[in-house]
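Take these sequences, add in the hints, and give me the full structure.
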Amino acid sequence: MRWYPHLYAGSYAALHRASILKGIREGRAMPSVYVITRSLSGDGLLDIYKNSELQKAAVRGRDPMVIGIALSRSEAFELARCIVHDLYREKGGFDIDAFCDPDNH
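Going by numbering that gives the first Met the number 0, the final residue of the sequence shown carries number 104, and the count climbs one at a time with no gaps.
If you're looking for bench data, these hints aren't it; they were derived computationally from the structure.
Treat the numbers as computed from the prediction; the structure is a model and nothing was measured.
Do not rely on the hints blindly, as some may be mistaken.
[Said to hold, decoys possible] Distance ranges between label pairs, derived from CB positions:
(1) Glu-89 with Arg-1: 17 to 25 Å
(2) Asp-102 with Ser-73: 28 to 36 Å
(3) Gly-92 with Ser-51: 32 to 40 Å
[As the list claims (entries may be wrong)] Using 20 Å as the maximum straight-line C-alpha spacing, the simulated EDC-like pairs for lysine to aspartate or glutamate come out as follows:
(4) Lys-90 with Asp-102
(5) Lys-21 with Glu-52
(6) Lys-90 with Asp-100
(7) Lys-55 with Glu-25
(8) Lys-21 with Asp-62
(9) Lys-49 with Glu-77
(10) Lys-49 with Glu-25
(11) Lys-49 with Asp-62
(12) Lys-49 with Glu-74
Yeah, the Cβ is synthetic: ideal placement off N, Cα and C, and Gly gets one too.
Structure below.
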């Protein structure tokens, strides 16, 4: 699993950022945590996973890049909206590869 250098966090997730990141890395069950990654299918920009889905071998084995963390489904959708907004504002389009490249910031 890779981490976006400028990791986004929802307003509630930001309050518990360190413990959420530690829990994700350790594979702990955290039912209210959602993770936003670059799309693994290539058909879109982002994927939103419950932490339990992210921990499954089928997802972890594809080396997802985590771009954001949230503490509820609605917070995850709002955070995804913010990420897409920032992507368009910074890059003038939807080039998620350039946006996620740490050398381009």
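Going down the list of hints, with the structure as the test:
1. Glu-89 with Arg-1: 17 to 25 Å: holds, 20 Å
2. Asp-102 with Ser-73: 28 to 36 Å: holds, 33 Å
3. Gly-92 with Ser-51: 32 to 40 Å: Given about 33 Å between the Cβ atoms, the range holds.
4. Lys-90 with Asp-102: Judged against 20 Å, a Cα distance of about 14 Å means the pair holds.
5. Lys-21 with Glu-52: holds, 17 Å
6. Lys-90 with Asp-100: holds, 12 Å
7. Lys-55 with Glu-25: holds, 13 Å
8. Lys-21 with Asp-62: holds, 18 Å
9. Lys-49 with Glu-77: Holds, at about 15 Å.
10. Lys-49 with Glu-25: holds, 15 Å
11. Lys-49 with Asp-62: holds, 16 Å
12. Lys-49 with Glu-74: Holds. Lys-49 to Glu-74 sits at ~12 Å (cutoff 20 Å).
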